[in-house]
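Asker: If you read the protein sequences in the order shown, they are chains C and H.
Following the numbering used here, the residues of the first sequence are numbered contiguously, the last one being 112.
Following the numbering used here, the residues of the second sequence are numbered contiguously, the last one being 115.
By construction, these hints were calculated from the structure, which means they are not laboratory data.
Hints may contain errors.
So these bits of chain C aren't anywhere near chain H, every CB distance computed over 12 Å [said to hold, decoys possible]: (1) 13; (2) 19; (3) 22; (4) 60; (5) 62; (6) 82.
Below are the DSBU-like pairs computed for lysine-lysine, each with C-alpha atoms no more than 35 Å apart in a straight line [to be verified]: (7) C/56 <-> H/57; (8) C/104 <-> C/36; (9) C/104 <-> C/64; (10) H/57 <-> C/107; (11) H/11 <-> C/107; (12) H/14 <-> C/107; (13) C/51 <-> H/57; (14) C/107 <-> C/27; (15) C/38 <-> C/60; (16) C/38 <-> C/17; (17) C/60 <-> C/107; (18) H/11 <-> C/99; (19) C/99 <-> C/27; (20) H/57 <-> C/64; (21) C/36 <-> H/71; (22) H/11 <-> C/36; (23) C/51 <-> C/64; (24) C/51 <-> C/38; (25) C/99 <-> C/51; (26) C/68 <-> C/51; (27) C/38 <-> H/71; (28) H/57 <-> C/38; (29) H/14 <-> C/38; (30) C/27 <-> C/51; (31) C/104 <-> H/57.
Backbone N, C-alpha and C fix where the C-beta goes; we use that ideal spot for every residue, glycine too.
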Amino acid sequence: SQELEQSPQSLIVQEGKNLTINCTSSKTLYGLYWYKQKYGEGLIFLMMLQKGGEEKSHEKITAKLDEKKQQSSLHITASQPSHAGIYLCGADREGGSEKLVFGKGTKLTVNP
Amino acid sequence: DTGVSQDPRHKITKRGQNVTFRCDPISEHNRLYWYRQTLGQGPEFLTYFQNEAQLEKSRLLSDRFSAERPKGSFSTLEIQRTEQGDSAMYLCASRSLYASQETQYFGPGTRLLVL
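The shape of chain H in the complex, shown without the other chains (with noise of 0.2 Å):
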């Protein structure tokens, strides 16, 4: 049985670049979430999927931001010209929408630091 898998676990960036993180439900999970984690703070939802369509946004995914989740199954999630302020713990999570019990299961996050 596979968790949700982020990929990769770690990025640092300059400032201006663009950088792209992947993630993967756990398999038939057809809800996947995007969160953003700061130091010090609790995650912060981004966005959110059924299948492949894009249900909610936050106002936090500024133009800069996309996610994409072609197949329904593997998401990405885009930042363009990064700035400092970039830098966080990006969390995937993914849930059934049959199961009995509404539960977001985590990915192990992808830690980007931009210089």
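Extracted from the complex, chain C is given alone in its bound form (with noise of 0.2 Å):
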């Protein structure tokens, strides 16, 4: 089973609107990872996360943790061709371990 559910699984969205993806565990993360994976290559950081209410920016994209560290959301701003990809959170749930776990992704087209 999945440790990080994240959603939506797709996403179609026409050039230049907002979006958020959302990454939800049932316990406490410890450190929080996005990355981005375009389909057949391997994953791209994007930004890490560790202290709850952290918000980090880079260019048109944000993601935030809760204070709970149980939930994290990535939005794009004014989305591109571009930002097109998988986008997926990865998670330290233990403290401290070297093992992440990851969400099955969030798929995301963006038209032209």
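Given two chains presented individually in distinct reference frames, assemble the corresponding complex, making use of the accompanying hints.
Answerer: In structure tokens form, the structure reads like this:
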């Protein structure tokens, strides 16, 4: 069973629209990572969150971790076709573990 | 600045054959990880090394799988007597023990197809 739930599973948006992807855990997350994956390729690191309430931004992508450290969201503003891909959240659920557990991913399609 | 590299990028083999994959981590990264990803799923942890020592192995890593990192630099993952269920993307990642942020950086993966 997947230990991290991502929603939605897939998302199709028109270029220029904003969107949000969610990642939820039933247990506290000690480190939450967002990665992007193009089909058939490796994972590209986007952002890492550790503290409850933490928020980070890079270009048009903002990631937040809630105060309880059980849910994270990834928000893309004014989406572009280059944002298309699979977004994966991964987390350390044991505190200090080297093992990351991942959600199943959210497939994003951005139509021009 | 070179990232994590993996070789080969694709491998097609017949059931029962042995295969070996190589991973070259980012220079000076002393931790190296192997994950497996099947279609429609997120990566699943297999094992990790700190320098040449293999410190953790997942239950997913059956007796047919063996990983090595003999000199603490590159690593190999060998699968013996491959089965169709071994078909997956095998991802390698590395990170620095001393980095302020504990981020694992991934390679492009090796896609294995067992016929």
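Asker: Tell me the hint numbers this structure goes against, listed in increasing order.
Answerer: Result: no hint breaks.
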